[in-house]
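Each chain is listed here by its residues.
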Amino acid sequence: MMFTSPMRLLAAVALDSDSDAVAKELLRLGALEMVSIQELSGDWGSKLSKVEPQVNLARLGEQRRRAEGFMSMASPPIPRPTLDGVSPAAPVDLAAAEKRLDAISAEVNGLRERQKAFQDEILKLDEIRRQIEAFGDLKTGVAASSSYSFLSIRAGLLTVDKAEVLQKALEGIPSVAMPSEGKERPASDDTIGVVLVSLKRDTQRIEAVLERLGWQDARLPESSADGNAETLKTLDSKIDGLKAKQAACAEELGAYFSANSKDLSALWAALRVDELVAKVRSSFSRTERTVLLSGWIPEDKTGSVEAGIRKAAAGGCSIEWMEPRRGEAAAIDVPVEMKNPRILKPFEGLVRNFAVPEYGSVDPTPFVAVAYLAMFGLMFGDAGHGLVVTLVGFLGLAATRKTGKPDGLFRIMTYCGAAAIVAGVLFGSYFGMELFPALWFDYHGIVNGQEATGSVRSVYDILGITIRFGMIVLGTGFAINWVNLIRKRAWFVLLLDKAGLLGGWIYGAGAWAAFYYVGHNYRELPPLDLLAWTLGLPTLVLAIKGPLEFIVRGRGEGKRFKPGMIMDFFMEWIVEILEIYSGYLANTLSFMRVAGLGIAHVSLMTAFFQIARMITPAGPFSPAAIAVLVLGNALVIALEGLSAGIQSLRLNYYEFFSKYFNGTGKAYRPISFNGAE
Amino acid sequence: MNDALTTYGFLSAKLKTRISKTLPPEAIDRLVKARSLPEAVLFLKGTAYAAIEEAYSATGDLRAGEALLNARELELFTGMFRYLEEPVLSFVRALSLRYEVDKVKDAVRLWFDARVRQRDVDGKSAYIYRGTIVHAIDVDEIVRAPDVDALVAALRATPYAEIARREIPAAIAARSVFAFEVALDRFYYDEAFASAERLGRKDRAVAERILGVDVDMQNVSWLVRFKGFYGMSAERALSYLIPRGKAIDATAVASAWSEGKAGPGAGGSFGIDLLRKAYGDAGALLGGGGGDAGARLAMMEAALRRVSMAEADRNLGGYPFSIGVVLAYFTKSREEIRTVMTILNAKYYSLPEERIRSSL
Numbered sequence: 001m002m003f004t005s006p007m008r009l010l011a012a013v014a015l016d017s018d019s020d021a022v023a024k025e026l027l028r029l030g031a032l033e034m035v036s037i038q039e040l041s042g043d044w045g046s047k048l049s050k051v052e053p054q055v056n057l058a059r060l061g062e063q064r065r066r067a068e069g070f071m072s073m074a075s076p077p078i079p080r081p082t083l084d085g086v087s088p089a090a091p092v093d094l095a096a097a098e099k100r101l102d103a104i105s106a107e108v109n110g111l112r113e114r115q116k117a118f119q120d121e122i123l124k125l126d127e128i129r130r131q132i133e134a135f136g137d138l139k140t141g142v143a144a145s146s147s148y149s150f151l152s153i154r155a156g157l158l159t160v161d162k163a164e165v166l167q168k169a170l171e172g173i174p175s176v177a178m179p180s181e182g183k184e185r186p187a188s189d190d191t192i193g194v195v196l197v198s199l200k201r202d203t204q205r206i207e208a209v210l211e212r213l214g215w216q217d218a219r220l221p222e223s224s225a226d227g228n229a230e231t232l233k234t235l236d237s238k239i240d241g242l243k244a245k246q247a248a249c250a251e252e253l254g255a256y257f258s259a260n261s262k263d264l265s266a267l268w269a270a271l272r273v274d275e276l277v278a279k280v281r282s283s284f285s286r287t288e289r290t291v292l293l294s295g296w297i298p299e300d301k302t303g304s305v306e307a308g309i310r311k312a313a314a315g316g317c318s319i320e321w322m323e324p325r326r327g328e329a330a331a332i333d334v335p336v337e338m339k340n341p342r343i344l345k346p347f348e349g350l351v352r353n354f355a356v357p358e359y360g361s362v363d364p365t366p367f368v369a370v371a372y373l374a375m376f377g378l379m380f381g382d383a384g385h386g387l388v389v390t391l392v393g394f395l396g397l398a399a400t401r402k403t404g405k406p407d408g409l410f411r412i413m414t415y416c417g418a419a420a421i422v423a424g425v426l427f428g429s430y431f432g433m434e435l436f437p438a439l440w441f442d443y444h445g446i447v448n449g450q451e452a453t454g455s456v457r458s459v460y461d462i463l464g465i466t467i468r469f470g471m472i473v474l475g476t477g478f479a480i481n482w483v484n485l486i487r488k489r490a491w492f493v494l495l496l497d498k499a500g501l502l503g504g505w506i507y508g509a510g511a512w513a514a515f516y517y518v519g520h521n522y523r524e525l526p527p528l529d530l531l532a533w534t535l536g537l538p539t540l541v542l543a544i545k546g547p548l549e550f551i552v553r554g555r556g557e558g559k560r561f562k563p564g565m566i567m568d569f570f571m572e573w574i575v576e577i578l579e580i581y582s583g584y585l586a587n588t589l590s591f592m593r594v595a596g597l598g599i600a601h602v603s604l605m606t607a608f609f610q611i612a613r614m615i616t617p618a619g620p621f622s623p624a625a626i627a628v629l630v631l632g633n634a635l636v637i638a639l640e641g642l643s644a645g646i647q648s649l650r651l652n653y654y655e656f657f658s659k660y661f662n663g664t665g666k667a668y669r670p671i672s673f674n675g676a677e
Numbered sequence: 001m002n003d004a005l006t007t008y009g010f011l012s013a014k015l016k017t018r019i020s021k022t023l024p025p026e027a028i029d030r031l032v033k034a035r036s037l038p039e040a041v042l043f044l045k046g047t048a049y050a051a052i053e054e055a056y057s058a059t060g061d062l063r064a065g066e067a068l069l070n071a072r073e074l075e076l077f078t079g080m081f082r083y084l085e086e087p088v089l090s091f092v093r094a095l096s097l098r099y100e101v102d103k104v105k106d107a108v109r110l111w112f113d114a115r116v117r118q119r120d121v122d123g124k125s126a127y128i129y130r131g132t133i134v135h136a137i138d139v140d141e142i143v144r145a146p147d148v149d150a151l152v153a154a155l156r157a158t159p160y161a162e163i164a165r166r167e168i169p170a171a172i173a174a175r176s177v178f179a180f181e182v183a184l185d186r187f188y189y190d191e192a193f194a195s196a197e198r199l200g201r202k203d204r205a206v207a208e209r210i211l212g213v214d215v216d217m218q219n220v221s222w223l224v225r226f227k228g229f230y231g232m233s234a235e236r237a238l239s240y241l242i243p244r245g246k247a248i249d250a251t252a253v254a255s256a257w258s259e260g261k262a263g264p265g266a267g268g269s270f271g272i273d274l275l276r277k278a279y280g281d282a283g284a285l286l287g288g289g290g291g292d293a294g295a296r297l298a299m300m301e302a303a304l305r306r307v308s309m310a311e312a313d314r315n316l317g318g319y320p321f322s323i324g325v326v327l328a329y330f331t332k333s334r335e336e337i338r339t340v341m342t343i344l345n346a347k348y349y350s351l352p353e354e355r356i357r358s359s360l
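Chains as they are written, first to last, in the numbering used here: chain W, 1 to 677; chain B, 1 to 360.
I should point out that these hints are in silico values taken from the structure, not numbers from a laboratory. Please note that a few of the clues may not be correct.
[Claimed, not checked] Distance condition first, Cα-Cα at most 25 Å in a straight line; then the derived DSS-like pairs of lysine-lysine:
(1) W/K279 <-> W/K301
(2) W/K116 <-> B/K33
(3) B/K33 <-> W/K200
[Claimed, not checked] Just so you have them, the derived chain B footprint on chain W, three or more residues with Cβ under 8 Å:
(4) 101-114
(5) 432-438
[What the hints assert, rightly or not] To be clear about the criterion: a stretch of chain B counts as covered by chain W if any three or more of its residues have a C-beta under 8 Å from a C-beta of chain W, and this derived list gives those stretches:
(6) 68-76
(7) 118-125
(8) 318-331
Computed from a predicted structure; not experimentally measured. C-beta: ideal position from N, C-alpha, C; glycine also.
Using the sequences plus the hints, can you model the full thing?
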């Protein structure tokens with residue numbers, strides 16, 4: 001946890017006949033990051049040939065992705081099975097798999113075609129609807145239909161039984177037929193008036209139907225406006241019916257996938273296992289009868305991996321372990337594993353988001369966790385607001401648990417919320433109110449100019465706290481850097497670098513001088529001789545860095561001294577002094593933003609309370625004033641929460657990391673049955 | 001007048017974010033390789049084209065998804081109006097006329113099919129965007145219009161009414177709306193160039209260069225068709241030419257026309273010659289110019305699109321606070337939608353992979 005995990009490089013030889021079993025065992029163990037044996041130095045590597053895959057890897061991948069696509073098409077999506085227990089007796093028959101997937105594709109296509117047919121009908125009915133709406137009156141439509149629009153609107157008489165037959169006969173033709181309720185309706189009980197709206201295009205087909213049913217043309221009823229509404233209603237119900245049929249198609253598809261989910265899962269698993277085995281084997285090299293494999297493994301897993309390989313190869317193998325950066329492994333990049341407890345994983349994500357640390361260096365995750373939460377708490381110190389953030393975090397976690405999406409952000413929210421609760425209790429702030437006395441100092445009272453007791457009495461004291469906090473963070477950064485440099489045995493850098501011992505000395509002395517000056521009411525600097533020893537000396541020592549570096553390193557590289565270099569050394573010294581003095585001052589003062597955000601938080605809450613008091617000058621708050629307070633709190637939680645989160649991240653990335661972080665590492669990505677693609 | 005940072009800061013960030021969501025080449029490759037339309041559409045899930053997948057899953061209708069996507073794109077464009085001030089606002093409005101002109105073309109084509117060609121157009125107007133882009137246009141009124149007068153009346157209060165009054169009677173006589181569509185395109189370019197003239201010096205230079213390439217693409221594409229497929233005379237062909245192309249003007253065309261091999265079928269090589277002279281870079285993409293006229297035309301259009309995309313990339317890689325970013329987005333989004341829809345339509349017709357690639 002303190003440092004990145006130590007790694008070992010595996011080099012193994014097994015019989016070709018056992019290579020499949022070894023590949024599967026390595027996938028099951030999920031600890032090996034494959035390295036091509038050709039990458040290991042030594043001329044013997046060139047004498048080996050690559051293991052040719054027994055199957056077409058690209059084709060396997062394509063079929064597997066097709067299966068995944070169909071699995072995601074199901075509602076709910078079919079989950080991918082875990083592959084640990086899958087051990088197919090024989091490789092999957094790719095041709096048969098393709099045929100099966102083609103069949104599924106044809107089924108889906110058929111259903112989509114049916115949906116499309118319904119959609120065409122819906123669009124035509126929509127067209128009719130739009131035109132009827134445009135007419136405003138069916139009679140106008142009838143009168144104008146000869147030259148205007150694609151609609152045919154006609155009224156007529158049919159016997160009651162034929163009217164029902166008409167509805168069936170018109171199925172599949174975009175049209176609306178509905179009984180007429182107007183005055184023109186005949187007295188006879190067995191006939192009914194019908195208004196028929198259709199597209200002119202279908203006139204011939206409709207004419208044939210009407211003739212068969214004994215249709216008699218009649219005049220449209222007077223109450224055509226009602227008829228219009230009735231027509232639109234009928235159209236809407238027809239459109240709804242078609243939409244329901246479309247939805248039924250989608251349900252049918254869902255049912256199809258439910259019925260085939262086991263098959264599809266099994267097919268996907270078989271394809272995925274074969275693909276992964278082929279992928280692992282493709283990094284093997286071979287001689288006539290043996291295969292050679294290599295890869296990085298965390299030191300604590302070497303035992304289980306060795307035992308697994310020996311078991312898979314039934315003892316018929318030879319295994320060698322190599323130290324990173326030494327011997328034949330010298331030229332190969334070592335992957336970096338950051339091993340942190342689950343509770344710190346979200347902060348590990350924050351570190352990775354910046355970069356992967358160098359192999360063998362301090363893993364900054366625990367320090368980032370502490371610094372991030374402390375900064376957030378100081379900027380967002382309100383127990384009530386923290387509670388809300390925590391609850392939102394928990395709700396988010398519950399939602400991601402269902403969807404299976406990454407939950408890092410919500411975990412961080414719960415931690416940040418907890419940090420804000422602790423800070424809120426220390427500052428006595430509960431939704432901007434002092435429900436309980438502050439355990440440390442009354443943040444609201446101080447910002448609002450109230451008389452305070454104790455060590456923190458004014459805004460300047462709060463600023464001082466954040467500067468001291470910043471110095472602790474930067475000091476930790478120096479310490480981590482020194483540890484990293486000692487581990488790397490980079491003695492020169494440790495001594496003379498600006499983030500090395502000399503830089504630390506200047507920073508410490510500068511801080512002491514600054515506090516001395518402030519402690520003497522900004523009137524007196526430390527004694528000059530003391531300043532000369534504490535700040536002047538290290539600054540002068542810094543001047544020898546350039547020449548010393550040239551002597552130690554430059555000569556080794558064959559560089560020759562030229563008089564012009566003296567000017568270069570001098571300029572480098574001046575630049576470095578400026579960088580150290582202005583840079584470290586800026587880094588430290590940058591932490592004043594922690595106080596700034598905290599003060600803004602308090603000020604905003606005070607403003608909302610003042611607005612609420614303007615609404616209700618005295619006594620208990622009115623509903624309107626309560627609404628202002630609720631909205632104000634919500635706004636502060638959202639805006640300040642976001643600001644505090646971002647600023648905490650910024651301080652970690654740019655002030656803290658700049659002292660020690662070397663993000664040149666390469667993440668450790670072992671290949672496994674259940675890993676990401 | 002605002003400085004460039006104030007004018008383009010927000011817009012540039014917004015559009016560049018959108019551009020960052022464009023499909024990577026691997027995604028396009030996967031689309032092309034997909035075994036069927038449903039599988040291809042599935043790849044669009046979770047991308048900027050998710051609207052197509054959603055609409056297709058619910059209705060089986062690819063065009064409904066395309067219409068939805070185009071509508072969103074249009075709303076993004078018209079939504080930019082509120083962040084802009086003159087003269088940039090007028091220029092962006094003029095650019096959005098391109099969408100409006102396409103909308104008018106689609107509606108009049110349906111009207112023409114129904115009234116003149118007596119074809120079935122039922123339900124097809126559903127895919128046309130109904131919202132207001134620059135002018136209020138009632139698509140249904142256009143499609144329903146019983147005659148030319150009603151069609152012109154439907155376009156009242158828009159500049160397209162005059163164009164329709166002038167061009168549609170001739171279009172009916174020729175049974176082709178081509179001349180009407182050319183007039184609409186000329187109108188669009190006239191407006192775009194006129195509003196570009198009012199931009200600041202740097203913006204104007206960028207705008208005229210990109211619009212010029214666009215005009216060249218349009219002109220060459222037409223000229224090839226005129227010469228290759230219609231055997232049109234040079235004088236008539238030149239009368240259709242949109243002025244102010246970046247490199248291809250009337251003189252260049254007349255000279256290439258006279259040098260070109262006469263007769264139908266020669267159009268492709270004529271266009272390639274013209275293009276090689278105008279764009280040295282594109283020449284490398286055009287190969288030997290062999291194959292039939294259709295193949296050469298496809299090759300040339302692909303080359304022209306690359307010229308246009310290269311121009312867009314150049315603008316995106318350059319100074320970010322200029323009209324170049326807006327124009328680059330305009331080009332890139334249109335091109336990507338075209339690519340995606342070409343692939344999906346090809347999948348609908350089960351066209352082979354090579355045929356799809358050749359048309360991209």
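Verification of the supplied hints:
1. W/K279 <-> W/K301: holds (22 Å)
2. W/K116 <-> B/K33: Given pair W/K116, B/K33 holds - Cα atoms ~23 Å apart, limit 25 Å.
3. B/K33 <-> W/K200: violated (43 Å)
4. 101-114: n = 10 at 8 Å, threshold three: holds.
5. 432-438: Since 0 is below three, the answer is violated.
6. 68-76: With 0 residues closer than 8 Å to chain W, the stretch 68-76 of chain B misses the three-residue bar; violated.
7. 118-125: It holds, with 6 qualifying residues against the three required.
8. 318-331: violated (count 0)
Of the numbered hints stated above, those contradicted by the structure are hints 3, 5, 6, 8, listed in ascending order.
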